[in-house]
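Asker: Residues per chain, in single letters:
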Amino acid sequence: MKRNLLMNRLEHLPTLRIQPRQTLTIRYNGKNLRGYAGDTVASLLYGCGERIFSRSLKYRRPRGLYSLDGECSNAMMSVDGWPNTNAETTPARHGMVVTPQNVVGSLEWDPMGWMDHLAFVMPAGFYYKLFHKPARLWPLAIKGIRQAAGLGKLQPEATFDCRCDAIYPNTDVCVVGGGPAGMSAALAAAENGLRVVLLEARPHLGGFCDYRVRAEKGGMPLYQWVGALADEVRATENIRVLTHAPVVGVYPDQRITAFQRGSAADVFDLRYIEIAATSVVVATGCIERPLLFASNDRPGIMQIGCAHRLLHTYGIRPAANAVFSVAHDLGLEAAIDMHDQGVTVHCVADAREDGQDPQMLSALAQRGIPHWRGWVAQVAHGRRQLRGVTLSNLTGTFKKRIGCELLVASAGLTPLTGLVTLAGGALAFDHHTGFFLPQRLPPAVQVCGRIRGLHDPSSLSADGTLAGLRAAADCGLNLNREIARAEAAGAAAPGAVRGSKLAMAPGKGGKAFLCFDEDGTVKHVQQAMAQGFDVPELIKRFTSIGTGPGQGGMPGHNLPLVVAHSQASPDSDPQPTTIRPPLVATPIAAYAGGKHDMAKRTPMHAEQLTAGGRMERVGEWYRARRFGADPGAQDEIIGVRTNVGLLDASTLGKFRIFGPDAVKALQRVYVGDMTRTVPFRTKYAAMCNEDGCVIDDGVVIQTGENDYYITTSTGRAGQTVEWFRYHTRYDSWDYHMVNLTDAFGVINIAGPNARQVLAAVTDADISNEAFAFSTCRDLLLRGDVPVRAMRLGFVGELSYELHVPASYMAAVWQMVETAGQSLGIVHFGLEAQSTLRMEKGHVILGSESEQRTTLHDIGLGFLWCRTKPEAKTVGGAALRHTADQPGRLKLVGFKMEDPRSRAPRDGSPIVDARIRGYVCTARFSHALQEPVGMALVDDDLVRPNTRLGIYEDGCNGTLRHAMVVPMPFYDPKGLRMRM
Amino acid sequence: MLNQRKRLWDAPPLKSHYDAVIIGGGLHGLATAYFLATRHDIRDIAVIEKRYIGYGGAGRNTAIVRANQRTQENVPLYKEALDLWPVLTRELDFNLMFYNCGNLNLAHSEAALKAMRLQTATAQFHGVDSQLVTPAECKALIPALDISDRPSYPILGGMFHPPGGIVRHDAVVWGLAKGASRKGVRIHQGVEVTGIGVQKGKVDSVETTLGRISTPRVLNAAGAYSAALANRLMGICLPISVLTIQAMVTQPLKPLLDHVISSGGYHIYANQTLKGEIATGAHMDRWPNYTTQTSAHYIKHQAEALTDLLPCMRGVKFMRTWAGLADMTPDMAPIMTGNDPVEGYYQDCGWGYFGFKSCTVAGKYMAQYMATGSCPDILLPFDQKRFEAHRLMGETAALVSYSADN
Amino acid sequence: MALSLTCPICGLRNGYEFRFGGADKGPRPLEEGLTPAQWCAYAHLNTCVAGVQLEWWNHKDGCGTWFVARRDTRSNREVPKEDVQ
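Residue numbers (numbering that gives the first Met the number 0), protein chains in the order written: chain A, 0 to 978; chain B, 0 to 405; chain C, 0 to 84.
Because the hints were derived from the structure by calculation, they are not lab data.
It is possible that some hints are incorrect.
Here are the simulated lysine-lysine pairs, BS3-like style, with alpha carbons at most 25 Å apart [unchecked claim]: (1) A:Lys510 / B:Lys182; (2) B:Lys299 / A:Lys599; (3) B:Lys253 / A:Lys57; (4) A:Lys128 / B:Lys299; (5) B:Lys299 / A:Lys594; (6) B:Lys138 / A:Lys152; (7) B:Lys182 / A:Lys132; (8) A:Lys128 / B:Lys182; (9) A:Lys522 / B:Lys5; (10) B:Lys253 / A:Lys152; (11) B:Lys5 / A:Lys507; (12) A:Lys142 / B:Lys253.
On the chain C side, residues computed to face chain B include the following (Cβ under 10 Å) [as the list claims (entries may be wrong)]: (13) His43; (14) Leu44; (15) Cys62; (16) Asn75; (17) Pro79.
Footprint (simulated), chain B over chain C, 3 or more residues, beta carbon under 8 Å [as the list claims (entries may be wrong)]: (18) 18-28; (19) 32-42; (20) 46-53.
C-beta: ideal position from N, C-alpha, C; glycine also.
One chain only, chain A, in its complex shape (with noise of 0.2 Å):
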């Protein structure tokens, strides 16, 4: 019978913004509910009488419905598997599957619930003192403590696939709210020519006037006329309106995000919104402050905002008698219209002397609803629900207690400036509306409505037009005349609203929670204050008050004001307590949107996956690591010694540097010579930073007068032509630099066969005697493919490096590959280049060098010209410094004293009785048929046959030891390379 009655929603109400006519029906503790289209999943489990939400973090007291926008954990439930998923703001939808969360047996019947008995051994900072001793409890406790703490569960397998979304709008004005006042300044702006977006965090526009039937603009009530407000909105071209769109982060100039959430109709389920606007409006309006006193959380006790709009926007009857406790005219204007929906309203306590609405007062006698002034709630009674009330006048002497199942309980209003203070405007305590105001407001942010304690619909919307012509004005629109206007309107329709002073009931007993995340009372305020905690932050930080769920949008007004009334010097103001973003608890799904990787891949990714390469991420780019299931690519080591291989060099960096000064920009940053190029002669050279230390090596070809081609290596590739730049940016030097990474494809053909291969492809005289070892040609490949080839010895034999326009590059692969088929040509990736490099003495910059170590440590200080001083090279001074310098990590070869022992493992240090060093890389080497390495050690350990000792991880103390010998291990004379 009583259900029946619940699930008659009140139809036919004007403001309603449920579709009666549309049912739907979520599963909820394995029943399944029933509710309407425009529900929220809040709305919908409150009409079909769930009165218990959740159960609180550390008391386990039984919480419910409190606000409606999701200010506080209360309705936090598990929505289809999203934990702490806040049912106030999410909508309904059919086939949900809700769960309450934080109870281990139901919401009615916690076995927990105990734990509100032991209140008192849970003081303000109670943990800090608690658990220590003796030590070996603390191990315990922390098992105890993670399992009791946490709201939702999360399943560590669960993906949370969703359709996401990012947009990324450019804006003449931005407004946020959309309210009466945002969208009188939206259009405002808008009739202006401008482009405006409008965000509003609820799924409709209308903010507080929305629901409301009885106060009245220019005749009209408040929800038809912010009807029209938002039909012309709507209808406006030039305003772009985001709606069910939180703003939750605010930054300098004038950049918003925001995250929308979409139905079903839409394109995404959440998306990311960033908005770079000239000009924000601020018209984000106010929440409730909550009213403290005695179990002030106890299920049945909620703001007039939720009450109001259960009862109008959701057709929900809230209770069928209430109390009222409130310190506003919009409590009294609830009350009234509660009672006219059929809800006894036995009295309504007015905290305010006088101040009152004079119609509103007239109404409420009119309809016998007693109305207290200066009384307020003192203690809730009931403990699953509300069963009372005790008032009391505002010095608690005289006291009443009344039987009811609802309590409209409200200290006032708090303006919502959370985005004032982030975009970096300054607050300050505001004695007749008794609230942190906006004082000191950053360049282009305008604040208008409610949040500056305006209440009048006229008020509103003059306010709300002043700020959009002001934020029109700041895009550049000259607009005094009009701003004028705007001004003595504002000025003469009725100004900020006396607010209400109340910090918290009279009376100290019981529990007056002042956050209902964190469990945090004004008892535990007290605690930390007379404990040394002066400045609400510390408060904050010591009670764990405002670090919920729904961080400051409780307590963020209350701390204040009960820390300031709770001082010895009663003159000082409230100070307000820090902000910070998101202003919503955001899902990081909305932050991380789909994904999108942005890796590159060489034009022979596709041609090495079919040969079987196993492709890495190295950087930014894909590389193929080997071709074969032997990790160590043995076969494609050998192929390369013994016969040709095939490797893709296209990440390499490339780069033509021409110009008049290109010379000098060269001295600058190579450690060499570079005025001693000869054309089309490689060079190998070397740029190190100011420390010496070697950030790159690669070769410089001059290929014209004052034309170059250089290489880099893969990863230095993107910083090379800012480092030229750089290092030559007082010079005003006449050179040009031009990026051809991407633009070229590199082959490398390596191997005592290469000339063969190179041969079968083009009709070039490639000769030893033609094309010799460190020489540069351009070549055409069967007649019409211009390549760039180089002869360079990187992996030791002889080879040929072809640059070869990306375009070109699976054209030229295929040929290489068709004319190496009858020798068996392999392919071979970075692992066996990099034993093959290895054996070789070669070294790879940052395996085999570190930030500490210079040119000189990795023995190619030979490549650093000293008699160039006037080109001031980059780390010519402390190359100048280093050079002899004793007591440096070195760079030497080693070999196992066991031949037949494997190659220690990179990156294992080198020990005695301290650390002296570590394996750079040690491979078996195929031509020495016993493993090999190099190392960097201290420099009195570099002499040949200095033995080492290896410590590898997991060896307990058990050494193995190493000879160091000279490099190169393979071919010391470099005579295959130049074969």
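Fit chains B and C to the supplied structure of chain A, relying on the hints for placement.
Answerer: What follows is chains B and C alone, placed relative to chain A:
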């Protein structure tokens, strides 16, 4: 035990003389004061804090502690720091909430694996527990990890370091303040140091907004502000860049991460606090500044990185982001000096984002340095002269990205 | 978006498009005779000023220009020339 009426630390008036003045009521300053008072019987100490204790890095770090650094100069220092948490919890009679859950560091490249082998073996060589683990073992430690090849940088292995974990950072601030105050150290909040007086090559006084204090020794432990302060008060230039580093927490969840996880490749770490929030962060804006601004760019990057490795995190909500300052040196190792350039001037800075995990041990040895006037052996490598001597510490192998010169 | 900078070529852009190039310390010192301390001062030492400083920036994800900006390190905001003392 649960006395709710006794102040944790006193707030006495400023005196005109102290045996030592410590600039900065952060972790390093308070720890140094505590160790001076308890280990060296120097109790007439003023800790001068411009705002309130724990305002700076002390209250903004993500509280991770570990001792698996790269070099032998650093590992013993951090090992001792780890060992000090239980000792201080007992001494201070204040639960610092050392949650010894272990740290898992992920490798996404051959180079990272190699770096981990060096770190692991170095730790083992110094008697610090650390092990290399396979991707499957990573998954066993953190079931929410995606060890498939779906992430942009798949997990190739990891380094697990059982002795590490997290400590409640605010508790350390308040516990040290309580302990120091009980021994007679005076903590002065809301007071700013405006000058350091030097006579004949020796420190003789400190100027503050509340007047002049005579003192023979002063420690600059102003955290991220110490380099600017050293420059303004002493004319010293330091090899430091002050960068903003951001962090964030999610709403509280039931236990999901049983260990701290971090990934150099993704520039992230994540750990679940005892309250159930997942704290995560690591990005630094690469330009020096003293703002603690957060950025849209970063929170998005963080979400992308986190969910690539831990896909289930998509369903969680960020509820708070913040930023702190890190004073970075060219080699990511700190600077601890004394009697340089004048007798009685001590400096403890350049900790970057390692200031929290090191605070206890830095306090211990800086106290010894200040009490004896000579540098403890363990601090010798941290002299700032190493930079002009071309001897970077090697704590990072890779070139640092925040320097203008890399 | 903690920072926006004005590139002399591309105008006001998101700060993450840029790379910081250090405080402006003037042209490179002569290599010959440069002492380790002088070298260190040029290569590594900073004043770490909390206030306005001249500094080099590169529009890395844009036109590639290096330019000098005036920025207040306390606010992360560019400071127009006329506001610099």
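Asker: Look at each hint and say if it fits the structure.
Answerer: Comparing the hints with the structure gives:
At most 25 Å may separate the alpha-carbon atoms for a hinted pair to count; Lys510 (chain A) and Lys182 (chain B) exceed this at roughly 36 Å. Between the alpha carbons of Lys299 (chain B) and Lys599 (chain A) the distance comes to roughly 22 Å, so the proposed pair stays at or under 25 Å and holds. Annotation: proposed proximity of Lys253 (chain B) to Lys57 (chain A) holds, straight-line Cα distance about 14 Å (limit 25 Å). For the proposed pair Lys128 (chain A) and Lys299 (chain B), the alpha carbon gap of about 38 Å is over 25 Å, so the pair is violated.
Distance hint between Lys299 (chain B) and Lys594 (chain A) is fulfilled; the C-alpha atoms sit about 12 Å from each other, no more than 25 Å. Of the pairs offered as hints, the one joining Lys138 (chain B) and Lys152 (chain A) holds, with about 19 Å between alpha carbons and a cut-off of 25 Å not exceeded. Distance check on the hinted pair: Lys182 (chain B) and Lys132 (chain A) sit about 21 Å apart at the alpha-carbon level, within 25 Å; holds. A threshold of 25 Å between alpha carbons decides the hint, and for Lys128 (chain A) with Lys182 (chain B) the separation of about 19 Å falls inside it, so the pair holds.
Between Lys522 (chain A) and Lys5 (chain B), the direct Cα distance comes to roughly 15 Å. Compliance with the 25 Å bound is thereby established for this hinted pair. Pair hint Lys253 (chain B) plus Lys152 (chain A) holds up; C-alpha atoms about 5 Å apart against a cutoff of 25 Å. Of the supplied pair hints, the one linking Lys5 (chain B) and Lys507 (chain A) holds, its CA atoms being roughly 20 Å apart against a limit of 25 Å. A hinted pair counts as satisfied when its Cα atoms are at most 25 Å apart, and Lys142 (chain A) with Lys253 (chain B) qualifies at roughly 12 Å.
Of the supplied interface hints, the one on His43 (chain C) holds, with its beta-carbon coming within about 4 Å of a beta-carbon of chain B, less than 10 Å. Proximity of Leu44 (chain C) to chain B holds as hinted, the smallest CB-CB distance being about 4 Å (cut-off 10 Å). A least Cβ separation of about 19 Å between Cys62 (chain C) and chain B goes past the 10 Å threshold, and the interface hint is therefore violated. The beta carbon of Asn75 (chain C) comes within 5 Å of a beta carbon in chain B, closer than 10 Å, and the hint placing it at the interface holds.
Hint status for Pro79 (chain C): violated, given a least beta-carbon distance of 18 Å to chain B, over 10 Å. With 4 residues carrying a beta carbon less than 8 Å from a beta carbon of chain B, the segment 18-28 of chain C meets the three-residue requirement, and the given coverage holds. A count of 6 residues in the segment 32-42 of chain C with a Cβ less than 8 Å from any Cβ of chain B is obtained; the coverage claim is therefore met, three being the minimum. Residue count for the segment 46-53 of chain C with a Cβ under 8 Å from a Cβ of chain B: 4. That meets the three needed, and the coverage hint holds.
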